[in-house]
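Respectively, the protein sequence lines represent chains A and B.
Per our numbering, the first sequence starts with residue 1, numbered consecutively.
Per our numbering, the second sequence starts with residue 1, numbered consecutively.
Calculated from the structure, these hints are not laboratory results.
Each hint should be verified, as a subset may be incorrect.
Any copy will do: because identical chains look the same in the list, a pair fits if it lies in one copy or spans two.
With a straight-line cut-off of 20 angstroms between C-alpha atoms, the simulated SDA-like cross-links for lysine to any residue are [claimed, not checked]:
no.	residue 1	residue 2
1	K54	F175
2	K134	M55
3	K31	D9
4	K25	E87
5	K54	D187
6	K134	A16
7	K31	K54
8	K183	I167
9	K54	H72
10	K54	T69
11	K54	A34
12	K54	E71
Protein chains: 2
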Amino acid sequence: MVSVASDSDLVERLRAIGPQRYHDKHPFHQKLVAGVLTEAQVRSWVANRYYYQKMIPRKDAYVLASLPTREHRREWISRVTDHDGDETRPGGTEKWFALGRAVGLTDDYLRSEVGVAPGTRFAVDAYVEFAHHKPWLEAVASSLTELFGPPVMAARVTAIVEKYPWIARGGLAYFEDRFDLAKHDADLALSWVVEAATTREQQDACVAALRFKCDVLWCMLDATALDCGVYR
Amino acid sequence: MVSVASDSDLVERLRAIGPQRYHDKHPFHQKLVAGVLTEAQVRSWVANRYYYQKMIPRKDAYVLASLPTREHRREWISRVTDHDGDETRPGGTEKWFALGRAVGLTDDYLRSEVGVAPGTRFAVDAYVEFAHHKPWLEAVASSLTELFGPPVMAARVTAIVEKYPWIARGGLAYFEDRFDLAKHDADLALSWVVEAATTREQQDACVAALRFKCDVLWCMLDATALDCGVYR
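Kindly produce the complete structure, drawing on both the sequences and the hints.
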């Protein structure tokens, strides 16, 4: 007999993806928090992930365009301003530039995208395309990697402070400020997914979307690691 | 000899479209401001244009997603919040519901879209698709109907107050508040278009985009007029 899974089944299925596939399991991330990366390798990570930071507001604007109601948009739009900033707040991208400066990269270098490996670009572009063309429910579900982010960000900040003393502490504001934002955004997105994914087919699509997003983050670290010689 | 037109040529070409094709020339609009529409015909106009109001924030979110820089997005994003509202302001859509109530239509009736003629839907959907798939420069140029809007809005408000005393004045806040917003938005969009449209090909595409948008607004009034018997 086919039955529709309950809400809590779906939440369990989504949460189970983190321990299996979130990018904190990636060898590059493990080396980062172990403190064994060279300065050049840390810089490569910051330069590659700049492209992700740059494209996230565009991804979120595509989701914004596809949301079904004004009420949804009024909640989601803060994702764009959180990254882009406004008259009163610098925004996440500005903080990523600060991290760049803290590791010795100029804003112009990051903006030039010279340090972005092709594989990073392919993965990030795939994510933007996903948000552009998939139904809003799947696009929102794909954002749920933020469910797994906060503890990983906390461990990453601790590791950077302890193990890379050459990185100025002020450069870590991006992660410190994302902590609460990610938690808020993940809770909201999860509540929408649980409410809207009522059929087994929709729930499977949401699980697949979150796996896809984990693949995006994983491939970004693959490309970064290969680019900066972590595997040599 | 082929030469690139100057900025002022482009501005002239764009501005020249208004007197030819803006929807204040449409017979339905002329009857509206002449005060000869029946209550049912005014209600049909409000119900049809609700669909336009509803879709505009989605259109603007697609443009937001396609803009080239954070600086562009930080300017453009207010178009979405101006319509959707936020914690402190009701937003344009809420004011359109107020206009609906002032002419005797419930929020539920507008939301049901029962009063939206198929031709209105086709025209509005074509505009959203245009913003979704065209380069940002053309999408921004298509918004330049706002260059022609403010004086038409002013005349419309005056006409409604004088000639349709059965419409509560409070219902006109949408137009009164759009006046300054439209001027600001049009000036900004025009400055971007003038700056970015440097080749003759781009300038022609911008002129075509504005003509297209005039066609959208015109067809909405065609559909409305046919739907509510203005031509019978």
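So, going through the hints one by one against the coordinates:
{"no.": "1", "hint": "K54 - F175", "in the structure": "within (16 angstroms within a copy, 36 angstroms between copies)"}
{"no.": "2", "hint": "K134 - M55", "in the structure": "both (17 angstroms within a copy, 19 angstroms between copies)"}
{"no.": "3", "hint": "K31 - D9", "in the structure": "neither (34 angstroms within a copy, 59 angstroms between copies)"}
{"no.": "4", "hint": "K25 - E87", "in the structure": "neither (38 angstroms within a copy, 40 angstroms between copies)"}
{"no.": "5", "hint": "K54 - D187", "in the structure": "neither (23 angstroms within a copy, 27 angstroms between copies)"}
{"no.": "6", "hint": "K134 - A16", "in the structure": "neither (23 angstroms within a copy, 40 angstroms between copies)"}
{"no.": "7", "hint": "K31 - K54", "in the structure": "neither (25 angstroms within a copy, 49 angstroms between copies)"}
{"no.": "8", "hint": "K183 - I167", "in the structure": "neither (26 angstroms within a copy, 47 angstroms between copies)"}
{"no.": "9", "hint": "K54 - H72", "in the structure": "between (23 angstroms within a copy, 13 angstroms between copies)"}
{"no.": "10", "hint": "K54 - T69", "in the structure": "between (26 angstroms within a copy, 9 angstroms between copies)"}
{"no.": "11", "hint": "K54 - A34", "in the structure": "neither (27 angstroms within a copy, 51 angstroms between copies)"}
{"no.": "12", "hint": "K54 - E71", "in the structure": "between (26 angstroms within a copy, 12 angstroms between copies)"}
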